[in-house]
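Starting from the given sequences, assemble the full structure and let the hints guide the process.
Number of protein chains: 2
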Amino acid sequence: MPSLLVLPYRRLLRVPSEETIFSALRTAGIRIPSDCGGQGRCGRCKVRFLEAAPSPTSADSRFLSEEELSAGWRLSCQHRVEHDFTLEVPTLGEVAQVKVRSGEQPIGSLRPQAVQRTVAIPPPSRGDRRADLERLCAALGEEVEVPLSVLAKLPEVLRTGDFQITVTRVGRKVVEVEPGAQAKGPYGLALDIGTTTLAAYLLDLGKGEELLAKALANPQAAFGADVLSRIGYVQEHGQKGLAALKGRLLEAIGQLVESLVGPLGLSPEEIVQAAVVGNPTMMHLFAGVDPSPIGQAPFTPVWKRGMTFQARELGLRMNPEGIVHVLPLVSGYVGADTVAAVLACGLHHAEGLALLLDLGTNGEIVLGGRERMVACSAAAGPAFEGGRIACGMPGVEGAIFRVELNGGVRYQVLGGGEPQGLCGTGLVDAVAVLLSIGLIDPCGRLLSGDGTPFAAHIEGKGNARRFRIEEGKRPIYITQRDIRELQLAKGAIRAGVEVLLSRMGATPEEIDRVYLAGAFGSQMRPESLVQLGLLPEELLPRIVPVGNAAGTGAKLALLDCEALPEAERIAQEMEYVELSYEKPFAKQFVAQMRFPESRKEVRS
Amino acid sequence: MPSLLVLPYRRLLRVPSEETIFSALRTAGIRIPSDCGGQGRCGRCKVRFLEAAPSPTSADSRFLSEEELSAGWRLSCQHRVEHDFTLEVPTLGEVAQVKVRSGEQPIGSLRPQAVQRTVAIPPPSRGDRRADLERLCAALGEEVEVPLSVLAKLPEVLRTGDFQITVTRVGRKVVEVEPGAQAKGPYGLALDIGTTTLAAYLLDLGKGEELLAKALANPQAAFGADVLSRIGYVQEHGQKGLAALKGRLLEAIGQLVESLVGPLGLSPEEIVQAAVVGNPTMMHLFAGVDPSPIGQAPFTPVWKRGMTFQARELGLRMNPEGIVHVLPLVSGYVGADTVAAVLACGLHHAEGLALLLDLGTNGEIVLGGRERMVACSAAAGPAFEGGRIACGMPGVEGAIFRVELNGGVRYQVLGGGEPQGLCGTGLVDAVAVLLSIGLIDPCGRLLSGDGTPFAAHIEGKGNARRFRIEEGKRPIYITQRDIRELQLAKGAIRAGVEVLLSRMGATPEEIDRVYLAGAFGSQMRPESLVQLGLLPEELLPRIVPVGNAAGTGAKLALLDCEALPEAERIAQEMEYVELSYEKPFAKQFVAQMRFPESRKEVRS
Ligand code: FES
Ligand code: FES
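Each protein sequence line maps, in turn, to chains A and B. Using our numbering, read the first sequence as starting at 1 and increasing by one per residue. Using our numbering, read the second sequence as starting at 1 and increasing by one per residue.
Hints should not be assumed to be uniformly reliable.
[Unchecked claim] Simulated pairs of lysine-lysine, DSBU-like, Cα-Cα distance not exceeding 35 Å:
| hint | chain 1 | residue 1 | chain 2 | residue 2 |
| --- | --- | --- | --- | --- |
| 1 | B | K214 | A | K153 |
| 2 | A | K153 | B | K240 |
| 3 | A | K240 | B | K173 |
No lab work stands behind these hints, which were simulated from the structure alone. The structure displayed is predicted, hence computed values, not measured ones.
Below is the structure:
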């Protein structure tokens with residue numbers, strides 16, 4: 001029976017393939033809005049496919065915009081569960097009353113820390129001479145903290161609004177007061193700060209809805225492509241370098257925030273709470289804290305615990321009294337993004353053994369479940385991101401992102417136009433295809449292909465040999481060197497998995513589920529990863545791409561006040577394994593650079 | 001037996017007149033430093049007389065500077081307790097171990113919230129990969145809050161100081177980290193923001209010592225002499241007016257702070273905690289909060305509770321991460337200064353009935369004791385501060401501040417030079433003298449003096465009549481109008497006392513002690529106040545001037561972490577009586593404008 005991972009609730013549903021998603025969700029107690037009962041006539045039941053969205057039906061096209069369709073939104077009553085996949089349900093507000101369980105924990109209630117409330121307050125009179133603040137606290141029924149900037153507004157706001165006032169709080173802190181009945185938010189910002197890409201999500205925390213999501217390249221790339229080169233930049237340029245890196249980042253985030261609130265007619269000041277995730281170095285640079293200790297043995301960060309800052313302290317473009325949570329770090333190389341991804345996919349509640357992989361220049365790997373979790377970070381090099389590859393490029397328009405064998409080498413290009421190069425997933429697919437047809441041997445050698453239908457694709461000799469994917473105006477190749485780069489990446493990740501398995505005393509077969517997370521990782525074809533030997537073959541049916549699970553975790557931190565303490569527990573419980581201190585790692589690394597023997601194409 | 005009020009411990013000692021102050025303090029368990037055992041040879045036993053300091057002995061002159069002597073400092077082993085008076089003991093640090101009791105409460109331990117500690121921290125190693133922050137918390141043995149600016153310094157400070165670090169905290173908040181062993185503070189600032197005068201005290205919170213005190217005129221005087229005219233200015237000029245008033249005040253406080261730290265070679269950033277007192281309007285203007293609601297019935301402030309702000313929010317010249325406490329208010333006209341004065345003189349612990357008077361344009365009056373306290377504010381007009389008086393002037397150099405009958409009318413001038421005018425205490429003394437010799441009748445009429453030795457001093461008729469105190473280059477008079485102004489002031493205060501007494505169901509005789517507090521009030525000759533009828537004659541021996549008790553209360557708030565919650569209880573327990581709503585007040589006011597019948601000079 002195919003299974004369906006429903007985010008952000010982290011519920012895994014096994015669903016008969018004849019059932020519609022709409023009915024499966026309803027059966028499972030996840031309330032999906034609908035006025036037509038699943039007949040495709042109301043357009044309210046939309047969900048988002050985080051991978052391989054099915055072709056839109058005519059009902060989809062009628063009710064959903066072009067943008068929504070291309071973002072993976074479909075009407076849930078129009079599609080069936082034909083294979084495993086992950087989807088996201090849009091509104092938490094609608095399901096706030098439902099106790100959703102993931103593992104043993106009740107999860108998924110809408111319990112935001114940020115709340116907005118309109119209260120009517122008796123005005124002062126001869127018989128009631130309490131101060132404005134005492135009057136407000138009494139009306140709210142509890143003690144609140146009022147920062148000076150809000151206190152300074154209070155007398156005028158109370159009197160303008162005729163002693164009716166809308167109060168926005170984050171926890172006990174009052175971050176905004178407005179005259180009259182203004183409640184329409186509050187709004188929250190989830191931020192995933194990647195080394196390469198920034199992703200931002202605007203949430204209506206009152207309704208539990210994601211309103212808009214935007215991404216932007218991390219402008220720090222100008223100072224170095226990876227974490228180590230950015231740390232190096234700070235070490236070389238000191239406080240000025242640090243300020244430059246922080247400044248560029250905050251400027252870009254400011255642009256993202258404007259692009260989120262602008263279309264909705266909101267102002268950045270209406271965002272009162274933010275949750276931020278990313279790797280430890282990005283978190284340090286975001287906060288303006290020198291990440292140098294991460295760059296030197298023993299690779300410790302300046303802080304690990306989840307931190308709570310004032311937006312004002314950070315200079316973040318939002319309400320200056322707003323609260324910003326940076327989720328906890330595990331070590332210098334396993335960060336808030338990994339903790340958030342674990343939170344989102346519920347690995348820490350798993351009964352059996354689960355594996356979380358976030359592939360990138362640094363691959364974060366978590367193995368475990370409710371009893372115990374171990375984690376490491378493996379330096380995979382830039383191959384998964386298309387870096388240091390002859391025809392490599394990032395996963396943007398013009399990149400070949402899929403390569404298949406279908407009566408010849410076929411490929412797909414992002415955006416559909418002329419191919420400009422190969423992105424990481426394209427490279428992985430291409431090498432997997434060449435392995436499957438025996439053109440690459442287990443040592444990673446690109447063979448001549450003599451006597452095969454592909455001989456014409458091969459040029460050159462030895463280290464200069466290459467396989468042509470496309471001729472045409474801009475020929476695109478895979479070179480022997482590219483294969484070596486990918487071997488390094490694959491070897492590092494697989495060796496990391498093996499080290500964690502042996503730390504756990506477990507074998508690969510005991511892994512019940514593999515979550516592929518992150519911008520790159522969740523886009524990889526599971527079949528190709530297995531063909532490469534990045535994961536053992538028997539895990540293929542257990543692989544679940546979970547999209548940007550780190551971003552989902554950040555959203556959860558805003559939507560559910562229990563999520564932050566939960567993230568803290570995850571970070572504390574997770575055992576970090578520093579691979580550079582592990583003797584078996586080096587041996588595994590070398591061994592795992594080999595590709596698997598099997599030359600048959602692996603099928604799911 | 002004369003009694004001795006010892007501040008800041010608020011202990012009242014009854015001392016045989018043959019005993020030296022030094023031995024009386026020691027007997028009472030108040031530890032006074034000494035190396036010579038009271039023989040006048042070590043110079044360490046100094047105390048400060050808050051009123052009428054005795055003439056310096058030769059030992060005083062040997063060990064104490066001119067400045068100290070003129071500020072009232074004397075060696076306690078050199079003086080005896082010949083009549084009631086108040087003195088201040090300089091160092092709390094020296095007596096930190098002594099349980100001093102005032103009423104039933106243990107008071108006067110040095111228990112500051114701000115503490116400085118040097119800790120050695122194990123550096124990170126392969127076997128200990130905790131983050132810097134976690135490492136610090138473990139070394140401190142408790143969880144602390146670290147603001148971003150301090151977190152950003154942490155990695156460098158730790159490494160510069162070879163993992164020895166000095167941490168300054170206010171409560172749980174770390175406000176400063178410095179490399180190595182730096183402990184020499186921490187420093188605190190007590191601020192008394194008067195409508196007319198700003199007083200600032202710099203304290204070493206580690207030792208419990210007052211290092212320096214400075215005063216400055218409140219520059220807001222340019223916007224109006226009294227509270228109501230400043231509120232009027234804000235109402236007229238809106239946010240800009242408010243910003244101007246706040247700006248001028250903070251600028252002056254900044255100058256005060258510089259003048260406190262400069263001579264000691266400190267920087268303002270070394271001040272990490274401040275306690276601020278003043279009347280409600282001054283507290284609103286200090287915080288930049290519109291005080292308008294105080295200006296209109298029902299005269300409520302924007303807040304009452306004690307507030308805690310970040311120095312950064314206020315823009316106060318000190319460590320920007322420092323903590324600023326504004327003591328609680330009781331109403332729109334009874335403020336943090338009154339609460340602090342009660343705290344300092346211990347009225348809220350009094351077994352019997354005590355009366356606290358702070359005379360000024362608004363006279364604050366508190367009556368009560370440990371069971372119950374009632375308070376009011378009486379609009380006395382500017383007479384007590386020398387305002388709206390023909391030859392009136394503030395109590396600065398050149399002001400006649402004492403007038404006596406001693407074979408003729410004699411006076412004393414502040415600073416000793418030519419008299420320029422009369423300050424409030426001079427006016428009170430002068431009227432008291434004229435009453436005592438029958439030149440003013442109980443209705444307040446200035447008589448012709450015909451047939452008396454003073455006839456030559458009198459000029460004019462009716463409302464234009466005046467009494468010449470000094471001819472010479474700049475003749476100085478008291479006019480019939482001046483007497484009327486003083487009658488208004490006296491009438492308002494005495495009527496306020498009577499209203500509070502009747503609210504308490506008590507008679508004047510039941511008052512055990514009268515504390516005269518404040519810059520003006522504590523300078524008044526008790527005999528003159530009684531002669532005027534501002535206080536009933538039977539209270540004369542029970543009057544104790546307590547100096548700037550509000551400032552002392554602010555210091556206590558920094559020195560003893562229990563003082564702030566105590567102030568909160570005082571403010572909550574104090575019943576506020578709004579005199580404008582009290583019918584009996586108007587009647588009393590008119591009746592109390594009369595002076596007492598007795599024409600004999602009242603002697604203590
Ligand atoms: S439920 Fe109405 S369109 Fe799907
Ligand atoms: S005790 Fe030594 S001088 Fe007074």
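Here's how the hints hold up against the structure:
1. Simply put, B:K214 and A:K153 have alpha-carbon atoms about 33 Å apart, close enough for the 35 Å limit, and the pair holds.
2. Between the alpha carbons of A:K153 and B:K240 the distance comes to roughly 14 Å, so the proposed pair stays at or under 35 Å and holds.
3. Distance hint between A:K240 and B:K173 is fulfilled; the C-alpha atoms sit about 27 Å from each other, no more than 35 Å.
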